[in-house]
Amino acid sequence: MPDVAPSQKEQSMLLQKEMISGHYDALARAKDEGKKVVYTFVPGNLTELMRSFDILPNLPEINALQSGMRKLSGGYISEAEKHGHSEDVCTYVKCDIGMLKKGNIGPTGVKLPEPDLLLLSYTGCFTFMKWFELLRQEYDCPVAMLHIPYQGDGKVHDHYRGYVIEQLETEVIPKLEAVTGRAFDQDRLRASLALSAAAEDDLVYVLESARHRPSPIDAYFGGVYYIGPIFSAFRGTEEGAAYYRALRREIDQRVAAGQGPVTPEGELETERFRLVIEGPPNWTSFREFWKMFYDEGAVVVASTYTKVGGLYDRGFRHDPDNPLATLADYCMGCYTNLSLPARVDLVEQYVRDYAADGFLINSVKSCNSFSVGQLLMLRQLEDRTGLPGGFIESDLVDPRYFSAANIKNRIESYLQMIEQKRTAGPAA
Amino acid sequence: MKPELEKLVTRARTLFDDLDLEAVRSWKNAMPDRKAIGHLPVWAPRELIWAAGMLPVSVLGGGDRLEIIRGDAYFQSYICHFPRSTVELALSGRLDALDGMLFPSICDVIRNLSGMWQMLFPDLYVRYLDLPQNFDLEVGGRFWRHELEALMRDLEALAGRPISEDDLRLSIAAFAANRHAVHRLYQARSREPWLFPADEMYIVLRAGCVLPPDEHTELVERYLELAPGEAERQRQDRSRIVVAGMFCEQPPLGLLLTLERAGCFIVDDDLFLALRWPEIEVEITDPPLDGLIEAFLRQGALSASVYQPDGKRGAWLVESVERNHAEGVIFCAPSFCDPALLEQPMLVAALDESSVPHTQFKYSEDTGQFAAIREQAGTFADSIRLWGEA
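Quick mapping for you: the protein sequence lines, in order, are chains A and B. Those letters in the first sequence? Residues 1 to 428, by the working numbering. Those letters in the second sequence? Residues 429 to 818, by the working numbering.
You may find that some hints are simply not true.
Here are some of the chain A residues that sit facing chain B, going by a computed Cβ distance under 7 Å [claimed, not checked]:
#, residue
1, Phe126
2, Glu166
3, Thr270
Keeping only pairs whose Cα atoms sit at most 25 Å apart, straight-line, the calculated DMTMM-like set for lysine to aspartate or glutamate is [as the list claims (entries may be wrong)]:
#, chain 1, residue 1, chain 2, residue 2
4, A, Lys36, A, Asp153
5, A, Lys101, B, Asp738
6, B, Lys790, A, Glu114
7, A, Lys101, B, Glu646
8, A, Lys155, B, Asp582
9, A, Lys35, A, Glu239
10, A, Lys82, B, Glu803
11, B, Lys430, B, Asp595
12, A, Lys111, A, Glu239
13, A, Lys175, A, Asp329
14, B, Lys740, A, Asp329
15, A, Lys408, A, Glu382
16, B, Lys456, B, Glu646
17, A, Lys101, A, Glu138
18, B, Lys790, A, Glu79
19, A, Lys101, B, Glu781
20, A, Lys102, B, Glu781
21, A, Lys82, B, Glu781
22, A, Lys175, B, Glu620
23, B, Lys430, B, Asp446
24, B, Lys790, A, Asp88
25, A, Lys291, A, Asp319
26, B, Lys740, A, Glu81
27, A, Lys31, A, Glu114
Restraint ranges, calculated between C-beta atoms of paired labels, are given here [stated by the list, open to error]:
#, chain 1, residue 1, chain 2, residue 2, range
28, A, Ala325, B, Asp714, 32 to 38 Å
29, A, Ala325, B, Glu709, 24 to 30 Å
30, B, Arg619, A, Asp383, 54 to 60 Å
31, A, Glu114, B, Asp714, 56 to 62 Å
32, B, Asp551, A, Gly181, 53 to 59 Å
Because the hints were derived from the structure by calculation, they are not lab data. Backbone N, C-alpha and C fix where the C-beta goes; we use that ideal spot for every residue, glycine too.
Pulled out of the complex, with its shape left as it was, chain A reads as follows (with noise of 0.2 Å):
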């Protein structure tokens, strides 16, 4: 999702800079053009939806953690709690209403324009709601609710799934027909629902291109570039899906060349460890925290938030014979909807899949949707495993809650605990 390119890149690097550098170009241009903007969340994004009423969608939680690769987000986070916000809630909320206090600048420096439409795609995250109560009050337009129905056994329910669609059809399109004069083209939604299943297989075969050894990329520094376009507002297009299988063709060429994956500060010719990842990164420090992996020579071969806005690497396809019907199930099955037993379930398949050496846990004190829990994830994985987990917390845009030293030194622990398990065979 990050814009700011890692100071050596590959050449899908560039182009998502330049992709999503394009998109606040043509939020900032928007109302001159006539164009209508929604502000929305990451999962359970109706991307496609809006593109097929040429919306512009805008995404909070990428306006903040873009601020936060850009060293912004701390004044904003100050300037929201100056407003009265508690120092206790969600970050991303913080810097998004301090951006808001302090303008609308947006990551880039030209300012965001206001939604003609909240659409509350209420997804794996009670925040999302009152992020949206609190917007309302700082705009004049309407909101559009999706209440996502939440996994709690673990399965959808065909009346989950006959909820979700009937909303889309009172209540989300409607409002979108509302706000830009139009009649909804289910053939416009249907071809931008073909071009997400194609880029989604390119994902997905980027993704598993983790298998390999030395695996070809970082799933988790990398793998938050990799996803950018198709959780932002590139899913659905032309050009979302051009980018992908451009990355489809650069990783098959790293694989056939036997490459590990580009760090800021080159290739990793040396795979030491393979680790899998639960839980956001951290975007104020982001460098120095990738920094402390690769230094290593620890990659990180599957990770979890790389399927927060989209679990396709377990099947799902959005599908254009079934548009709304589709979009319910994409909703329904973002990671942070899965229930906490499948979430432990998911990551032991892939420290299982992607022969992992073991598994860590980044828990961030903004996000409750995500940490509550992955204590007992730690225990249970372990368990099933009988791989070590390393457990390390930051947030996700609060400088001041990104220990670098602290962190730096339970990475280091760890690998040396997993070095010495390894050394000691397999009776250790």
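Chain A is already provided as a structure; the job is to place chain B on it using the hints.
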């Protein structure tokens, strides 16, 4: 205190202190095959549980009476206290009397706690209860019906018997009577708060978390009769305040006592929503489930956990201030409580718009030091009186 009131209060206090759920065990042991179902805040359809012949039990954490030994090992430092003590209660066997647990959708903590329960207690009936956030009778109503019917099927299987329509009607009536009694107590307290000390009223209401509805209704009604008979409970010059933010993790009793000692009368609060929802009358319909569904959907967003389609966040609080002739609002939110703390700026804006004074602080269910709170609440109460005279 007169003996009869003292006896009633002592009983309520015993139930409040009963972290081992001895009262629930006694109820179960009184008849063969009785079962009890726990639920977390803020609300669950207790009528369905009771209609199945099982006792609904509101689990509200361990408060300041429980040493956390194992619970802390499951939660990071930045997560609220409530799940720690709830896990502690369960792992120490204190919740063994419960044959199932419902986790209503209120926040991501309780949501994920439902998954933790599934992993920690794989043999127990556990259900996440996704309350509808769409209030259209056709759309949200259909979803809610599916959810409630599924819950009823589960409860029937647990109870080993079907829930008849008559069972449900009787249960709905029993809880309507209970809500009515609770409502009357709130109204009486609002009229003459000096007659119903906050800590005493709290434990009387809290008894409803473990008692059968009829028994609790009787307790509340008797309390309403007895409390005004205490001669020393005289009118006092204190500030009338509404407290907001305490709907999930409960404040220690000492905190409520502190607020009153600091010169406040609590005239409304958002405690015990489980006993007060739906706030509108549940009609006895045919079939009876319809009335329950409609009442929930029509009651409006009375808690931070419920979406407010019209965007008028805080309207309920301003309305409460007006209805109860309150002079100010104290936001008492548990530390790290997402619903209460994310909501607070919107409520503050609503109060500011109506020129209602307010102050705020945070607590934890095991807070033991009240000096700072007393000072803050006292200053607030004094300032209200000064403004009122100005």
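Hints and how they fare:
1. Phe126: Constraint on phenylalanine 126 of chain A satisfied, holds at 5 Å.
2. Glu166: holds (5 Å)
3. Thr270: Since the shortest Cβ distance to chain B is 34 Å, the answer is violated.
4. A/Lys36 to A/Asp153: With Cα atoms ~38 Å apart, lysine 36 of chain A and aspartate 153 of chain A exceed 25 Å; violated.
5. A/Lys101 to B/Asp738: holds (24 Å)
6. B/Lys790 to A/Glu114: Given pair lysine 790 of chain B, glutamate 114 of chain A is violated - Cα atoms ~34 Å apart, limit 25 Å.
7. A/Lys101 to B/Glu646: violated (53 Å)
8. A/Lys155 to B/Asp582: holds (16 Å)
9. A/Lys35 to A/Glu239: Measuring from Cα to Cα gives roughly 19 Å; hence the hint holds.
10. A/Lys82 to B/Glu803: holds (23 Å)
11. B/Lys430 to B/Asp595: violated (39 Å)
12. A/Lys111 to A/Glu239: Answer holds: lysine 111 of chain A to glutamate 239 of chain A is near 24 Å, not above 25 Å.
13. A/Lys175 to A/Asp329: With Cα atoms ~21 Å apart, lysine 175 of chain A and aspartate 329 of chain A stay inside 25 Å; holds.
14. B/Lys740 to A/Asp329: Distance of about 31 Å is beyond 25 Å: violated.
15. A/Lys408 to A/Glu382: holds (22 Å)
16. B/Lys456 to B/Glu646: The hint holds at about 20 Å.
17. A/Lys101 to A/Glu138: holds (9 Å)
18. B/Lys790 to A/Glu79: Holds. Lysine 790 of chain B to glutamate 79 of chain A sits at ~21 Å (cutoff 25 Å).
19. A/Lys101 to B/Glu781: Roughly 19 Å separates the two Cα atoms, so the pair holds.
20. A/Lys102 to B/Glu781: Distance ~23 Å between lysine 102 of chain A and glutamate 781 of chain B Cα, so the pair holds.
21. A/Lys82 to B/Glu781: holds (19 Å)
22. A/Lys175 to B/Glu620: violated (48 Å)
23. B/Lys430 to B/Asp446: Judged against 25 Å, a Cα distance of about 24 Å means the pair holds.
24. B/Lys790 to A/Asp88: Holds - the C-alpha atoms of aspartate 88 of chain A and lysine 790 of chain B are around 10 Å apart, at most 25 Å.
25. A/Lys291 to A/Asp319: violated (39 Å)
26. B/Lys740 to A/Glu81: Holds: lysine 740 of chain B and glutamate 81 of chain A sit about 22 Å apart, inside 25 Å.
27. A/Lys31 to A/Glu114: Since the Cα atoms of lysine 31 of chain A and glutamate 114 of chain A sit roughly 9 Å apart, the hinted pair holds (cutoff 25 Å).
28. A/Ala325 to B/Asp714: 32 to 38 Å: For alanine 325 of chain A and aspartate 714 of chain B the Cβ distance comes to about 34 Å; the hint holds.
29. A/Ala325 to B/Glu709: 24 to 30 Å: At roughly 38 Å between Cβ atoms, glutamate 709 of chain B and alanine 325 of chain A fall outside 24 to 30 Å, so the hint is violated.
30. B/Arg619 to A/Asp383: 54 to 60 Å: Holds, since arginine 619 of chain B and aspartate 383 of chain A (Cβ atoms, about 58 Å apart) stay within the stated range.
31. A/Glu114 to B/Asp714: 56 to 62 Å: violated (49 Å)
32. B/Asp551 to A/Gly181: 53 to 59 Å: Check passed, 57 Å falls within 53 to 59 Å.
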